[in-house]
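For the record, the sequence lines run as chains U and L. Taking the numbering used here, I'd label the letters of the first sequence as residues 1 to 170. Taking the numbering used here, I'd label the letters of the second sequence as residues 1 to 319.
No wet-lab data here; the hints were simulated from the structure. Think of the CB as a built atom: it goes at the ideal place given N, C-alpha and C, for glycine as much as any other residue.
Incomplete in silico selection of chain U near chain L, CB under 7 Å:
{"#": "1", "residue": "73"}
{"#": "2", "residue": "88"}
{"#": "3", "residue": "89"}
{"#": "4", "residue": "121"}
Now for the letters of each chain:
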Amino acid sequence: MERVEGRSVMSADDVRRAIVRIGHEVVERNHGLEGIVVIGLQRGGVWIAEALGEALANAEGTQVPVGSIDVSLYRDDVGLRPIVPGAVTALPPLDGTTVVLVDDVLFTGRTVRAALDALNDHGRPRAVQLAVMVDRGHRELPIRPDFVGKNLPTGRHENVAVGRDGVVLS
Amino acid sequence: MKHLLDIGVLSVEDLHHLMALTDHMVEVNQRPIPKVPALRGKTVVNLFFEDSTRTRTSFDTAARRLSADVMNFAVSSSSVNKGESLRDTIETISAMGVDAFVVRHRSSGAPQQITQWTNASVVNAGDGWHQHPTQALLDCFTIRTHLNRRDGFDGLHIAIVGDIKHSRVARSDVQAFTTLGARVTLVAPPTLLPPAVEQWPVDISHRLDELVGEVDVLYLLRMQRERMTDALVPSLREYTAHYGLTPPRARRLQPHALVMHPGPMNRGVEMAVDPSELPGSVVLHQVTNGVAVRMAVLFDLLGSGADLGKTDHPRGEDR
Numbered sequence: 001m002e003r004v005e006g007r008s009v010m011s012a013d014d015v016r017r018a019i020v021r022i023g024h025e026v027v028e029r030n031h032g033l034e035g036i037v038v039i040g041l042q043r044g045g046v047w048i049a050e051a052l053g054e055a056l057a058n059a060e061g062t063q064v065p066v067g068s069i070d071v072s073l074y075r076d077d078v079g080l081r082p083i084v085p086g087a088v089t090a091l092p093p094l095d096g097t098t099v100v101l102v103d104d105v106l107f108t109g110r111t112v113r114a115a116l117d118a119l120n121d122h123g124r125p126r127a128v129q130l131a132v133m134v135d136r137g138h139r140e141l142p143i144r145p146d147f148v149g150k151n152l153p154t155g156r157h158e159n160v161a162v163g164r165d166g167v168v169l170s
Numbered sequence: 001m002k003h004l005l006d007i008g009v010l011s012v013e014d015l016h017h018l019m020a021l022t023d024h025m026v027e028v029n030q031r032p033i034p035k036v037p038a039l040r041g042k043t044v045v046n047l048f049f050e051d052s053t054r055t056r057t058s059f060d061t062a063a064r065r066l067s068a069d070v071m072n073f074a075v076s077s078s079s080v081n082k083g084e085s086l087r088d089t090i091e092t093i094s095a096m097g098v099d100a101f102v103v104r105h106r107s108s109g110a111p112q113q114i115t116q117w118t119n120a121s122v123v124n125a126g127d128g129w130h131q132h133p134t135q136a137l138l139d140c141f142t143i144r145t146h147l148n149r150r151d152g153f154d155g156l157h158i159a160i161v162g163d164i165k166h167s168r169v170a171r172s173d174v175q176a177f178t179t180l181g182a183r184v185t186l187v188a189p190p191t192l193l194p195p196a197v198e199q200w201p202v203d204i205s206h207r208l209d210e211l212v213g214e215v216d217v218l219y220l221l222r223m224q225r226e227r228m229t230d231a232l233v234p235s236l237r238e239y240t241a242h243y244g245l246t247p248p249r250a251r252r253l254q255p256h257a258l259v260m261h262p263g264p265m266n267r268g269v270e271m272a273v274d275p276s277e278l279p280g281s282v283v284l285h286q287v288t289n290g291v292a293v294r295m296a297v298l299f300d301l302l303g304s305g306a307d308l309g310k311t312d313h314p315r316g317e318d319r
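Pulled out of the complex, with its shape left as it was, chain L reads as follows (with noise of 0.2 Å):
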């Protein structure tokens, strides 16, 4: 793999791929010293055109527990603000020598632009309403170790609820989720259903009331205030009333059954009970993983040698 840009575009094989690299990471973190000198070397530039504090976080934290080294690219201090094109900040970074461009940006698309302009690897952080794959991995991974599905998610029942509109998570955890086996149901109201839904290998409900006692992961999504200016959803309380985790709601749902939340959340509108009172809440173990999926993300990037097949370095000699 040289870019991740779209999980879409991974077979099964490679997300399990993926995720069982993560399971090395998983251990590497839970040593007393979590570093390993994997990635020596290697330069991971975090290029964040959009606001993000635990994204950021997660892939500096990852890339630093490779041994990589690692520039944080502020926009706000750069000279973006100067007018400086996008194309011409990637040129002028390349040539420092990197190896890696963690992009996110408010444009879809933006990281594959990028592609053309560079010959390190892109990973995409996030790009408009696009995709979020890293995300995707993660909620993947822990759905994996929580509901013990090693060998992939048939049968499972997952409901993805709120503004799957404007939601790049949604895009990528819909792909991820349905390329692993498991059926998806996205639960909003039509105002917040993307055009061309029915094209998704999805179904969809306008009423959580009528699966909350029965899926095995519910996916809660951020409500963006933002959206209330649009006249999207009438008001904050009528979205919780119909959409939110009431604790009424809370009850009902099957023992096993994983809530979950890609963050930062909103309390009292999509998660109206205390997570920390749920048994079933894996909020902060998602975090956790990210983490170790980012850490399996670069090191299959920068250091696994899945593209350097060709040496003459014969497999399995070198001992």
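So that you can see chain U by itself, here it is in the shape it has in the complex (with noise of 0.2 Å):
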């Protein structure tokens, strides 16, 4: 992904306040963490999903399951995005859990859409939450995310970047 003359709209602070924020509105709608399971989606969501679960953990004192799910075999525009080798699914028990599904940027809803049908082959969770670092709009399906870093205005052909430096949107 080449990065070309990037705004930054995020600094690595204000990345990692965003994680510690999100923690606490996880402990806050679920009334604790009893049954949470944290899952980032491979890959941009997996370091955010591990952070957030350190987060829940410094929040709450207790040490939640976090695990990683690839959609890639789930897409609907398979063929469109080639596979990541290496970004393999680990996941924990699911059924009777609350997943928190985690991913860094929320565009279409097409990956959602798609970690849905794969969460349903693995399990059955009691609910899903969904939280990402940048909302950009543009969405394509009825999905809206429980829990967002920042909400970011886009056009449909710049490109969000999120790391643990910040967000850089070019």
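Taking the hints as your guide, dock the two standalone chains into a single complex.
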């Protein structure tokens, strides 16, 4: 992904604080961490899921299970996006849990739709909630996030890059 | 990748890519419901002009686990018996709208020829004495998993024992193993070595006893009984005495050494011990990995979009 003349829209500290805040919102919404499982979408969501797991442990003193899910075999546009070798699914048991699905950017919603299908094949969570670092709009499906790091109005052809060192719009 | 005909044209990176893809498929196969929708709407035709149970079933299972539709074309009950040419057969089936042919044929080069007559992808499932690329991939994946060699086979010593001359498995395995960096020794009587073997990137030995204690992988080939009639070996008993894995030889294997076989095994000939009592036997793992490897190949040919690079859908934009 080439980055041309990027504009920084979140600093490293902003990203870190957003994760901590989302952690508190997860606790508040679910009245604690009973039955919570945090699952990152391969690849961009995985490190955020791990950081969110840490934030939850710091806030509440309990470590929740953290996993990752690869949805490339479930996409409706299989073929348009190449699979990422090595980004294999690793999930804790899901039946009866509340899954907090984590991704870096929410755009059309198609990845999240694929992730919901994939989760379905692995078990039956009691509920699924969605946390994203950046919601950039342009949804093509009726999907909305429960927890958002930053709402970022973008053009369709702009690119959003999320990392530990911040968020860049180009 | 459009076709998989010959393992020799794949680079180190290609082999690592396909094995990394296989990791995903292994994960799918371990699920309670081992099925993903990745190839929904794609049609795979199994076209086996030569007998095969395990390869055909393995491809069949692989395609179904990716949700592809599968047509099994049984040559014995087809128009081929009425004299239809290979070309007409391919063009007729192509006209029904298929995405991939999985072909086994007794003639070397038949899969390559078929690519001229169809727009579908072609996977070589064994052609004559020439190539068996998915077998080589599953063998590589099995070694990679069981000897924990994710980064390549540098420093590994692999002995391939038996009828090298008539073996497409040996040809493909030699290419794949050496591409990944292994040292390969072929062990066979001179009558069972192919012509021009000195041009292969391998060592040659006629004595299994000299090697059995030092190899990391002992790969036994099937001793085809029909070779007896060609007088290439004096007798099966003599073959076993010199080249079979007997109990004394099995005891000399290194503790970590793997014993592999492409199947079907001739018990008491090349495999003169009970493989279930060999700690290093990974024969059944080869079969299990075969399904995952073939899923990876079909997905790479039909679903990965490797050839769709010209889309206006910028990568990483569609989330």
